[in-house]
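There are 2 protein chains.
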Amino acid sequence: MHIEITEVSPRDGLQNEPQPVATEIKVELAKRMIAAGARRFEITSFVSPRAVPRMADAAEVIAQLDAGPDITLQALVPNLRGAERAAQTAVQEWVCFMSATESHSQANSNCSVDEAVARFEPVLALAKAEGKRAVAALAASFGCPFEGVTPVGQTVQVAKKLHALGFSELKLGDTIGTATPSQITQMVHALRAEVPDLDLILHLHDTRGLSLANVLTGINLGITRYESSVGGIGGCPFAPGATGNVSTEDLVHFLHAEGYETGFDLDACIDTGHWLSKALGRPLPARLLKAPPIGTTIPLDGITRAVG
Amino acid sequence: MHIEITEVSPRDGLQNEPQPVATEIKVELAKRMIAAGARRFEITSFVSPRAVPRMADAAEVIAQLDAGPDITLQALVPNLRGAERAAQTAVQEWVCFMSATESHSQANSNCSVDEAVARFEPVLALAKAEGKRAVAALAASFGCPFEGVTPVGQTVQVAKKLHALGFSELKLGDTIGTATPSQITQMVHALRAEVPDLDLILHLHDTRGLSLANVLTGINLGITRYESSVGGIGGCPFAPGATGNVSTEDLVHFLHAEGYETGFDLDACIDTGHWLSKALGRPLPARLLKAPPIGTTIPLDGITRAVG
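Protein chains in written order, with this note's numbering: chain A, 260 to 567; chain B, 260 to 567.
If you are wondering where the hints come from, they were derived from the structure by calculation, not from laboratory data. Please note that the accuracy of each hint is not assured.
Said to hold, decoys possible - One side only, chain B facing chain A, incomplete, derived with CB under 10 Å:
1) F405
2) I435
3) V505
4) D509
5) E517
6) K549
7) A550
8) G554
Claimed, not checked - What the simulated footprint calls covered on chain B by chain A, stretch by stretch (three residues with Cβ under 8 Å from a Cβ of chain A suffice, anywhere in the stretch; the number is not a length):
9) 362-371
10) 406-416
11) 436-444
12) 461-470
Even for Gly, the Cβ is constructed at its ideal location relative to N, Cα and C.
My request is simple: use the sequences and hints to build the entire structure.
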């Protein structure tokens with residue numbers, strides 16, 4: 260079975276780095292991940308350059324990358340202004356992101372949940388006119404740093420509004436890494452009951468060590484689309500102690516070990532993780548940057564007896 | 260549903276610390292975990308004090324702890340000599356540990372797999388005479404640092420021999436953290452088919468981020484007994500890049516979030532993890548030592564808008 264992985268390191272991964280990251284690093288990161296097998300990227304964000312100065316190079320990253328038609332580039336588009344900027348670039352998919360909770364919506368998008376939904380009506384119209392694909396993304400789908408656990412019904416209500424507006428794909432963001440297998444199961448069942456033709460993508464963080472348990476749950480539910488970031492970089496600015504997205508290395512390693520096909524080359528992902536760690540000047544949380552893949556062996560010769 | 264957790268930090272956790280740990284720290288660690296709800300410990304190891312000098316205080320730890328009858332203490336017993344020393348103490352359960360692979364058996368126990376099984380015949384006889392419980396433990400049940408993935412049939416064969424010798428409980432050790440959900444599923448099905456009345460305990464490491472996915476798999480298979488170490492300390496000396504056991508904080512947090520009962524107080528586990536981190540002078544890998552439990556909230560007031 261093929262599992263689709265969207266590489267989100269250039270956007271979600273690098274957005275919250277302590278120091279701004281040079282455009283060249285963003286471009287090289289994407290190029291290395293293309294060589295490692297990535298075919299779909301969340302590459303940048305067309306937010307206001309005044310609000311998020313480090314995403315001011317959005318158009319430049321896309322131009323320099325010059326990815327070609329077999330690579331699908333997604334960019335975050337918060338409103339019509341962002342969509343108009345995105346329309347001037349080679350980005351094929353616009354990620355219309357908002358929050359499932361009022362507090363996170365106020366903190367992250369400076370508007371209410373309903374206002375956020377309303378903002379996307381003209382964006383969808385422009386996407387249609389420009390021949391672009393629009394994908395909805397819902398932050399705090401499972402938990403909110405200000406409100407606690409997000410009720411399933413609340414996320415489902417927002418998903419219904421987005422679907423009614425015209426979206427056919429929804430990224431469920433476990434922004435602060437609080438989703439659990441049972442919550443994912445309930446959420447997916449509820450969404451399939453209420454909005455059966457909405458295609459679901461799981462965007463998971465490993466903050467509490469649950470990301471691969473949640474991927475396992477998703478796969479058992481038939482979900483074949485996931486997001487990850489090489490090195491495990493990224494994280495919500497409002498999530499205390501948050502670690503990053505589930506790492507591409509760990510996700511690919513797990514999926515391959517379980518017999519799934521991803522199109523990624525694990526060794527090349529690990530090499531890119533090491534390169535990125537060096538470029539950012541810090542160790543990154545991906546496990547496969549420390550431990551070798553399952554099945555790796557060391558020679559027995561010369562081993563000192565441990566216990567005797 | 261109740262899930263039993265054996266706290267292994269005093270033995271498996273501390274055995275491979277870079278620096279030897281004072282007896283008083285081992286005893287205080289156990290006392291703090293008793294206060295946090297632990298009722299069964301892997302407390303120490305009666306290996307040869309010459310081979311493993313840092314376990315020379317085995318009897319002293321048990322005497323100082325003076326745990327009382329409602330706490331079950333386990334100690335590792337590699338052979339009859341170890342069992343004779345254990346018999347002089349208040350330890351109620353003897354853990355007869357060996358390896359599922361020849362190479363790991365040579366490296367860890369300096370004997371073949373069959374020799375290791377044979378060593379336990381007199382140990383079982385002594386346990387019976389002394390009124391002690393004997394539990395088998397099989398390192399490298401899922402993977403071996405020298406041989407790669409352990410075939411399911413190989414672990415099953417050793418389990419059959421241990422069962423035939425008289426053991427009714429088996430700890431399956433994922434010594435180097437390579438077990439996957441599908442491998443655990445195959446292993447448990449095969450063991451239940453071949454040795455149906457052998458009670459299984461899962462001893463998992465989080466080396467590749469899979470420990471909680473494996474716990475989830477175990478629970479779905481009806482396995483209710485697990486081992487963990489507070490802080491996530493521990494690890495096999497032959498496992499390159501190995502991180503420790505699944506941490507008690509992360510395991511208890513996950514189980515409580517999913518509605519299982521453990522008898523542990525999560526906050527007290529986390530406090531003990533912080534105390535242990537300070538005592539060992541280094542950060543420990545448990546996620547709940549960095550991230551707050553699911554449902555924790557922060558005030559929205561004063562948050563700077565992130566995206567706008």
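Now for the hints, and whether the structure bears them out:
For B/F405, the shortest C-beta to C-beta distance to chain A is roughly 5 Å, which falls under 10 Å, so the interface hint holds. The criterion of a C-beta within 10 Å of any C-beta in chain A is met by B/I435, whose closest approach is roughly 8 Å, and the hint holds. At about 8 Å, the closest approach between the beta carbon of B/V505 and any beta carbon in chain A falls short of 10 Å, and the interface hint on this residue holds. The closest approach between the C-beta of B/D509 and any C-beta of chain A is roughly 5 Å, which is under the 10 Å cut-off, so the hint is satisfied.
Annotation: interface hint on B/E517 holds; nearest CB of chain A at approximately 5 Å, less than 10 Å. Taking 10 Å as the C-beta contact cut-off toward chain A, the hint placing B/K549 at the interface holds, the least distance being around 4 Å. Proximity of B/A550 to chain A holds as hinted, the smallest CB-CB distance being about 4 Å (cut-off 10 Å). Taken as an interface hint, B/G554 checks out: its beta carbon lies about 5 Å from the nearest beta carbon of chain A, inside 10 Å.
Proximity of the stretch 362-371 of chain B to chain A, defined as three or more residues with a beta carbon under 8 Å from a beta carbon of that chain, is established by the 6 residues found. Under a criterion of three residues with beta carbons nearer than 8 Å to beta carbons of chain A, the stated coverage of the stretch 406-416 of chain B is upheld, 3 such residues being counted. Under the rule that three or more residues need a Cβ within less than 8 Å of chain A, the assignment of the stretch 436-444 of chain B holds, with 5 such residues. Proximity of the stretch 461-470 of chain B to chain A, defined as three or more residues with a beta carbon under 8 Å from a beta carbon of that chain, is established by the 6 residues found.
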